[in-house]
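Just so you know, the protein sequences line up as chains A and B, in that order.
Going by numbering that gives the first Met the number 0, 142 is the number at position 143 of the first sequence; the sequence numbering is gapless.
Going by numbering that gives the first Met the number 0, 15 is the number at position 16 of the second sequence; the sequence numbering is gapless.
Among the hints, erroneous ones may be present.
Unchecked claim - Derived lysine to any residue pairs resembling SDA-like cross-links, with alpha carbons at most 25 Å apart: (1) A:Lys214 / B:Gln162; (2) A:Lys199 / A:Lys336; (3) A:Lys199 / B:Leu99; (4) A:Lys44 / A:Ala68; (5) A:Lys13 / B:Ala102; (6) B:Lys298 / B:Ala281; (7) A:Lys13 / B:Lys262; (8) B:Lys262 / B:Ser304; (9) A:Lys199 / B:Gly172; (10) A:Lys336 / A:Lys214; (11) A:Lys214 / B:Gly47; (12) A:Lys214 / A:Phe365; (13) A:Lys214 / B:Gln91; (14) A:Lys13 / B:Ser304; (15) A:Lys199 / B:Ala229; (16) A:Lys199 / B:Ala102; (17) A:Lys13 / B:Ala138; (18) A:Lys214 / B:Arg77; (19) A:Lys199 / B:Ala281.
Claimed, not checked - Taking beta-carbon pairs under 8 Å as the criterion, some of the chain A residues facing chain B (in silico): (20) Phe4; (21) Ala19; (22) Arg65; (23) Arg67; (24) Leu203; (25) Val209; (26) Ile212.
Unchecked claim - If you anchor each label on the Cβ, the simulated ranges turn out as follows: (27) B:Gly318 / A:Ala19: 19 to 25 Å; (28) A:Leu363 / B:Trp182: 43 to 49 Å; (29) B:Ala136 / A:Leu260: 39 to 45 Å; (30) B:Ile179 / A:Leu364: 41 to 47 Å; (31) A:Gly291 / B:Gln35: 53 to 59 Å; (32) B:Gly37 / A:Gly291: 42 to 48 Å; (33) A:Gly291 / B:Arg20: 35 to 41 Å; (34) B:Gly37 / A:Asp197: 37 to 43 Å; (35) B:Gly37 / A:Thr213: 26 to 32 Å; (36) B:Arg273 / A:Arg279: 42 to 48 Å.
Just so you know, these hints were derived from the structure itself, not from any lab.
We treat Cβ as the ideally placed atom computed from N, Cα and C, and that holds for glycine.
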Amino acid sequence: MMRAFALVERDMRKFRRSPALLFASLVMPLLQLIILGNAFGGNIKNVILGVVNLDRGPQSVDVLERVRAVGANARTFLPTDYDDQGAAIADLRKGVLGGVLIIPLHYSRDMLEQHQPHLALITDNTDRSVAGAVGAQMADLVASINAPHVAPREAPQAALDVVEVYPYIDYMKYLLPGSVALAIFMTAMIGGGLLFIDDKSRGLHEGYMVTPITKWELILGFNLSGVIKAMLAGETILVLGAVVAGVPNFFQPARLLELTLMVALTSVALIGMMFFIMARISDPLVPRAIFGVLNTLLFFPSGAIYPIAGFPRWLRWLSAADPFTYAVHGLRTLLLKDVGITAITGDIFALVLTSALVLAGATLLFRRTL
Amino acid sequence: MEAPSQSTNDVAIEVEGISKRFGALLAVDNVSFEVQTGAIFGLLGPNGAGKSTLIRMLTTLVPPTSGTAVVAGHDIIRDPNAVRESIGVIPQNMTSDPELTCAENIGIHARLYGITGARRRQRTAELLEAVGLADRANALASTLSGGMRRRLEIARGMVHDPQILFLDEPTTGLDPASRISVWEMITHLRVQQGRTLFLTTHYMDEADRLCDRLAIVDKGRIVALDSPVALKSSVPGASRIELQFEPDLPHGAADLEALPAVKSVRALGSATYRISSDRGPASAQELLELARQHKLELKSLSVQSTSLDDVFLHYTGHGLAEGAEGAVTAGPAKKGGPR
Numbered sequence: 000m001m002r003a004f005a006l007v008e009r010d011m012r013k014f015r016r017s018p019a020l021l022f023a024s025l026v027m028p029l030l031q032l033i034i035l036g037n038a039f040g041g042n043i044k045n046v047i048l049g050v051v052n053l054d055r056g057p058q059s060v061d062v063l064e065r066v067r068a069v070g071a072n073a074r075t076f077l078p079t080d081y082d083d084q085g086a087a088i089a090d091l092r093k094g095v096l097g098g099v100l101i102i103p104l105h106y107s108r109d110m111l112e113q114h115q116p117h118l119a120l121i122t123d124n125t126d127r128s129v130a131g132a133v134g135a136q137m138a139d140l141v142a143s144i145n146a147p148h149v150a151p152r153e154a155p156q157a158a159l160d161v162v163e164v165y166p167y168i169d170y171m172k173y174l175l176p177g178s179v180a181l182a183i184f185m186t187a188m189i190g191g192g193l194l195f196i197d198d199k200s201r202g203l204h205e206g207y208m209v210t211p212i213t214k215w216e217l218i219l220g221f222n223l224s225g226v227i228k229a230m231l232a233g234e235t236i237l238v239l240g241a242v243v244a245g246v247p248n249f250f251q252p253a254r255l256l257e258l259t260l261m262v263a264l265t266s267v268a269l270i271g272m273m274f275f276i277m278a279r280i281s282d283p284l285v286p287r288a289i290f291g292v293l294n295t296l297l298f299f300p301s302g303a304i305y306p307i308a309g310f311p312r313w314l315r316w317l318s319a320a321d322p323f324t325y326a327v328h329g330l331r332t333l334l335l336k337d338v339g340i341t342a343i344t345g346d347i348f349a350l351v352l353t354s355a356l357v358l359a360g361a362t363l364l365f366r367r368t369l
Numbered sequence: 000m001e002a003p004s005q006s007t008n009d010v011a012i013e014v015e016g017i018s019k020r021f022g023a024l025l026a027v028d029n030v031s032f033e034v035q036t037g038a039i040f041g042l043l044g045p046n047g048a049g050k051s052t053l054i055r056m057l058t059t060l061v062p063p064t065s066g067t068a069v070v071a072g073h074d075i076i077r078d079p080n081a082v083r084e085s086i087g088v089i090p091q092n093m094t095s096d097p098e099l100t101c102a103e104n105i106g107i108h109a110r111l112y113g114i115t116g117a118r119r120r121q122r123t124a125e126l127l128e129a130v131g132l133a134d135r136a137n138a139l140a141s142t143l144s145g146g147m148r149r150r151l152e153i154a155r156g157m158v159h160d161p162q163i164l165f166l167d168e169p170t171t172g173l174d175p176a177s178r179i180s181v182w183e184m185i186t187h188l189r190v191q192q193g194r195t196l197f198l199t200t201h202y203m204d205e206a207d208r209l210c211d212r213l214a215i216v217d218k219g220r221i222v223a224l225d226s227p228v229a230l231k232s233s234v235p236g237a238s239r240i241e242l243q244f245e246p247d248l249p250h251g252a253a254d255l256e257a258l259p260a261v262k263s264v265r266a267l268g269s270a271t272y273r274i275s276s277d278r279g280p281a282s283a284q285e286l287l288e289l290a291r292q293h294k295l296e297l298k299s300l301s302v303q304s305t306s307l308d309d310v311f312l313h314y315t316g317h318g319l320a321e322g323a324e325g326a327v328t329a330g331p332a333k334k335g336g337p338r
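Okay, chain A solo, but in the shape it has when bound (with noise of 0.2 Å):
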């Protein structure tokens, strides 16, 4: 057992003497947790609007100014008054406009004459976040249109009122756990099966394999450094992320140490997923070639980026053997929610069993011979 950390030793020797591992681990999750961060989940803003209104009368002026009180105030669109409904569509379809709003003639008179008035919104659908956003605002602005001015005493109609129980979370904190994942996934790649493969093509297990070292000793060295070196770049990245996307009260102890559980087991699936993996491989090709496609395969099902419930269904069976999601769904429930281990005893299940699956392959696979 003890010749084991014959291996741990010369990898953390290597380790510290060569940071580079670790920065080359951390710079991708942390620059996409920054950048996707703040380039997604922020709301849509400053949308140019073409109003065409072909009505003219007191109603439409009151269209006008709820339109304009939110291009000064919430700011999705700012308003453009077109006189041609023809030019307005035509520039919606070079890109000038977001949207074009229609108030259509007689649209005060049928206001008037309680003739159910339809106002008209044409969306550039090719973007489908601009149209939602510019959609459900207008939306709202017909609501208001529609309100009583006297509000009954007693609401005739059913209303939902929706309560968050956690303060406001911004996508940034949504992606933390995925970075952390991805962190460690990263390290996986590179400390674990890109070092493992060019170790063997340089001949470094030949001199291994010459010494008793037994099976097990080499198995266990190679996956105790390589979890090791993965929670390293976790910690990290968990630790620099929460700090950067503020997560509440993230420094209480019993709180890290759940966290760093789950990133040991994640570290452990991973790295034993990899050596799985690369058991009977020896060209140096062959890691570089399918980083990306393991990348994808793991990382975008796990709902580190966008919830699994919006998934087709085979996506969600991928997501339900992804490893990640498991470990993303963990870290996600202790970051932001701090409801403690019990919540997450599915996940520390799922990445056990996927740690000794993996492992029990590898044993299986990994030979002592050249």
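Since the structure of chain A is provided, determine the placement of chain B on it from the hints.
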């Protein structure tokens, strides 16, 4: 098969009908031999003759297809870990870590043999001293010259003081000065404690200089095995003598052909002859005697004794450089067979 306890006394390595097949290629073909304890045993052959495959089987890196071997009293198939405990291996490829220092490389190797703590530090210092790298203890292995790097490999292989040391082409790729320093180290290793050395080489001069016994390997088989001296004397007519008389012999070449040790004579003109003989020095004696009898002066005489090149050519029918056809060495398993 002999019981291990008996064979450890005088036989360090006992190989019995060992073979290794890579797909359609038979890299080592039913090879058997013994190596005595304390000897330097060499395998001489061209690249691809099967030397590395054989050494990798004996050092438990590659399992044989058939046959077995007993190394330091332990069967390589049934008890590979006991074999590994008893042997030191200096593989052909540099296996020290270029990103670690000399001392770290030796120290980590010591740990792989279960040597830790103060004994590890002491052993590391001793070995660095022994291979002349004490002043480079904290230099990264990547900064060493080829010869120094090879000496570091040797130090690593010696870390647990093994009974048998395997060296796979220890001087391949080294400059002449480094080769000599590695040779001196190898000779020195044998002098200490009667350690057994097993080496492979494709250099004739190396085999001739270092080995007590030499196996000539070609296309996976041992074609000859003896001491270098015995191998050389086993080649008929391999000594070449060139000489010039003043004046010429009375009957020319016929006088020379009458001498017992002479096998053939070629007249080169102006009283110069080239003689091939089984025994170079003995023939030279006879020639001096002949000159005295006829009261002739010997203007020049050169004796070129048998070289291992002649031996190799004699046993394999081709020179060392030509032997690489169908070359095979055992390598890390790759798709599509051996490299």
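A quick look at each hint next to the structure:
no., hint, verdict
1, A:Lys214 / B:Gln162, "holds (24 Å)"
2, A:Lys199 / A:Lys336, "violated (44 Å)"
3, A:Lys199 / B:Leu99, "holds (16 Å)"
4, A:Lys44 / A:Ala68, "holds (14 Å)"
5, A:Lys13 / B:Ala102, "holds (13 Å)"
6, B:Lys298 / B:Ala281, "holds (19 Å)"
7, A:Lys13 / B:Lys262, "violated (66 Å)"
8, B:Lys262 / B:Ser304, "holds (14 Å)"
9, A:Lys199 / B:Gly172, "holds (21 Å)"
10, A:Lys336 / A:Lys214, "violated (43 Å)"
11, A:Lys214 / B:Gly47, "violated (29 Å)"
12, A:Lys214 / A:Phe365, "holds (8 Å)"
13, A:Lys214 / B:Gln91, "holds (23 Å)"
14, A:Lys13 / B:Ser304, "violated (54 Å)"
15, A:Lys199 / B:Ala229, "violated (42 Å)"
16, A:Lys199 / B:Ala102, "holds (22 Å)"
17, A:Lys13 / B:Ala138, "holds (14 Å)"
18, A:Lys214 / B:Arg77, "holds (15 Å)"
19, A:Lys199 / B:Ala281, "violated (56 Å)"
20, Phe4, "holds (7 Å)"
21, Ala19, "violated (11 Å)"
22, Arg65, "violated (68 Å)"
23, Arg67, "violated (66 Å)"
24, Leu203, "holds (6 Å)"
25, Val209, "holds (4 Å)"
26, Ile212, "holds (5 Å)"
27, B:Gly318 / A:Ala19: 19 to 25 Å, "violated (48 Å)"
28, A:Leu363 / B:Trp182: 43 to 49 Å, "holds (45 Å)"
29, B:Ala136 / A:Leu260: 39 to 45 Å, "holds (41 Å)"
30, B:Ile179 / A:Leu364: 41 to 47 Å, "holds (45 Å)"
31, A:Gly291 / B:Gln35: 53 to 59 Å, "holds (57 Å)"
32, B:Gly37 / A:Gly291: 42 to 48 Å, "violated (57 Å)"
33, A:Gly291 / B:Arg20: 35 to 41 Å, "holds (38 Å)"
34, B:Gly37 / A:Asp197: 37 to 43 Å, "holds (40 Å)"
35, B:Gly37 / A:Thr213: 26 to 32 Å, "holds (30 Å)"
36, B:Arg273 / A:Arg279: 42 to 48 Å, "violated (60 Å)"
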